[in-house]
Amino acid sequence: MTATARPGAHLAYREGSPLALEADYIVVGSGSGGSPAALVLARAGYSVALLEAGPWRDADDYPATMLGVMRDLFPNWGATVAVGNSILPIVQAQLVGGGTVINSAIMVRTPGDVVASWASDHGLGDVLNPGNMGPALDRIESELHVADSLEDTGAARFGGSNQRLLDGLRAGGLSAHPTRRNVRGCQGQSRCLQGCRLGAKQSSNIGWIPEVLSLGGTVLSCAPVQRVQIVDGRAVGVQGRFRHPQTRRAGARFIVRARRGVLLAASATGTAPLLQRSGVRSPALGRFWRAHPGAGIIGVYPDVIDMYEGVTQGTASIHHRGEHGLKLESLALPLELVAGRTSGGGKQLTARLGDIRHQAMWISAVRAEAVGTVRQGRLGGVRVAYEPTRRDLERLRLGSALLARTHFAQGASRVRPGVVGLPFEIGPDEVHLLEQAPLHNRAWTWVLSHLFGGAVLGADPNTSVVAPDLHVRGVRDLHVVDASALPTTLGVNPQHTIMAVAWIIADRLANDDRTRTKSASKRD
Amino acid sequence: MLTRTLAWVLAATFPSSGDLPGLDSLDVRPSLRQLQREAAPVFALGLYGSTGAFLLCPLLTVGWPLPAFLLPRRVLDRHAHAMAGHRFYLVRQAMLMIKTVGAALWGAHPAVRSQLGLAAYEPDPGTFRGDHVVPQTPRSAPQPAEIQP
Ligand SMILES: Cc1cc2nc3c(=O)[nH]c(=O)nc-3n(C[C@H](O)[C@H](O)[C@H](O)COP(=O)(O)OP(=O)(O)OC[C@H]3O[C@@H](n4cnc5c(N)ncnc54)[C@H](O)[C@@H]3O)c2cc1C
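Sequence lines, in order, name chains W and Y. Start counting the first sequence at 1; every next residue gets the next number (our numbering). Start counting the second sequence at 525; every next residue gets the next number (our numbering).
No lab work stands behind these hints, which were simulated from the structure alone. Don't take every hint at face value.
Unchecked claim - Here are a few chain W residues that face chain Y, going by a calculated C-beta distance under 10 Å:
| no. | residue |
| --- | --- |
| 1 | Leu198 |
| 2 | Ser343 |
| 3 | Ala351 |
Ideal Cβ placement from N, Cα and C applies to all residues, glycine included.
Please take these sequences and the hints and turn them into a complete structure.
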């Protein structure tokens with residue numbers, strides 16, 4: 001016996017008889033890629049089923065503490081890592097809205113050089129070009145209320161750490177700007193990572209996905225898709241089993257049939273393994289996995305900075321993006337995370353946190369040249385193999401030294417590099433130590449949160465999983481609309497680009513379908 | 525037993541210092557028990573493995589051939605500190621795992637936050653949306669022609 005669902009419903013964890021559903025399109029994953037794709041198809045009049053592995057949490061459900069964040073917002077309590085000659089934590093979200101719920105809401109338009117390289121090096125000029133990227137980016141900006149964070153929040157709530165980085169970089173002759181973010185009425189509470197309890201951040205669970213529901217779409221949460229059903233070379237549906245978000249108990253099975261197509265947006269760690277589990281074969285599957293690894297550096301000031309009073313990430317600079325692949329930003333990391341990354345243990349460690357209100361954390365992230373792989377692991381998890389190169393490390397070191405100098409120029413008395421082999425703190429005349437810091441991944445505390453690839457788009461069948469006609473090679477009606485499709489890194493924050501690419505692909509599918517249906521009915 | 529051992533290791537990692545309370549003076553066992561109940565297996569495995577490493581490593585860190593719980597207070601403190609900066613990467617990684625959990629408990633504790641002059645956290649509700657049917661509303665969204673970029 002099977003239960004069915006009516007359109008316009010959100011269905012959460014359930015036990016008992018299997019659930020069967022049918023929709024024109026299925027979208028797997030509800031983050032930066034999945035949510036706009038579902039929205040575009042729903043607005044075009046198609047029935048859409050959006051499936052998400054995590055639960056749907058509203059603003060009142062968001063946790064406050066880091067333990068709560070690990071439990072309620074991260075997959076596997078944040079235990080996903082990339083392994084190479086060091087272990088790099090991968091930060092992602094698992095709930096309706098995906099990364100849009102926990103990210104810092106920064107929206108950066110796709111740089112022109114990236115779109116140009118997608119055309120020239122990956123044969124994507126017909127699909128992704130300035131002519132369609134520009135309007136898609138514009139449209140998303142206006143729907144998500146993207147605004148300058150200093151103007152939106154006001155100088156009083158912008159935050160001391162953000163202001164110092166802005167002033168410091170500019171005084172040093174570098175271009176820097178207040179970030180542009182998709183927020184409305186941000187109060188500068190520095191709690192983007194916990195999900196915005198005020199509802200200021202325009203994450204997809206508060207805007208786009210409710211609209212999909214109101215247009216008759218169905219949302220299944222707590223519903224990790226196990227595999228895509230492929231029959232005679234065509235994607236016809238997906239299947240899986242509900243999973244309780246807290247107890248992880250397996251619930252009812254679900255099967256969703258797709259009349260027109262399946263769009264995968266399970267993220268750069270989820271989509272390629274899902275394709276592998278579904279039996280898709282491609283020499284490029286799971287390869288060309290990339291990232292923007294980043295590391296933080298803390299300045300300690302004689303006066304109170306209060307980095308938790310202000311915008312989480314209010315200032316950014318891509319001045320060195322071209323030459324060095326560097327992105328510099330301020331970041332108010334919660335106390336718990338600062339405590340975890342501060343070097344030392346025992347009494348010294350506790351004592352080192354006593355000046356937290358005087359600390360300002362800034363980060364440099366690298367547009368890394370390293371290329372890794374992502375695979376389905378044997379025990380059900382995913383295996384990411386990834387190792388930043390020596391050049392990536394040199395760039396990170398350069399960025400960290402630049403930030404250290406900026407801290408000192410802004411009045412910091414000490415800087416905490418957080419690099420093994422270096423003193424816990426350095427003074428203004430010791431930045432050379434940082435400039436000569438060890439070039440080994442194990443010495444640095446990298447974190448990965450901007451991820452790309454694994455199922456990339458491109459013209460060459462040996463280096464891409466998805467062809468420029470937008471179908472996964474060898475499988476009709478199967479598409480990829482998340483970060484895993486991007487064939488390169490960006491050197492800027494990725495969500496705006498991911499959203500725009502998903503938007504364009506979904507729109508193209510909707511229009512192709514309409515053209516096909518029209519010509520078929522004319523023939524009839 | 526396991527909870528007590530974990531609590532002890534975490535307290536050795538984040539002990540009181542000056543006016544700042546540490547995990548040795550705060551009762552975090554209820555949160556720890558909850559964590560043990562709810563943590564993803566891979567996370568719990570990492571934490572237990574790291575706790576074992578903390579107990580067994582004094583020979584590597586401070587040259588004492590004893591498990592950590594037999595170390596005198598001052599030596600234990602040196603051990604905790606030395607683990608965090610040890611030249612063996614896996615020892616450092618084990619300590620990072622312990623610090624991550626210890627920091628999460630310590631940094632969220634109201635007594636610590638108040639001493640540091642930071643606002644207290646609200647409780648974590650741990651709730652999520654159940655089933656929900658959205659009444660069908662007239663189509664107010666833009667029509668297909670309008671959504672072309
Ligand atoms: C802490 C943090 C801060 C960031 N800040 C910014 C920022 O300010 N600006 C910016 O541009 N970018 C930022 N990013 C990056 C950005 O959020 C991501 O690049 C983006 O969300 C990735 O989009 P995606 O659709 O590929 O994946 P996600 O947004 O991660 O969505 C994937 C979704 O798929 C679900 N899923 C996975 N597997 C399955 C399955 N089998 N079945 C069903 N569902 C599944 C996941 O649960 C998840 O919800 C940040 C990231 C992090 C972690």
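Review point. Checked against the structure, which of the hints given earlier come out wrong?
Key: 1
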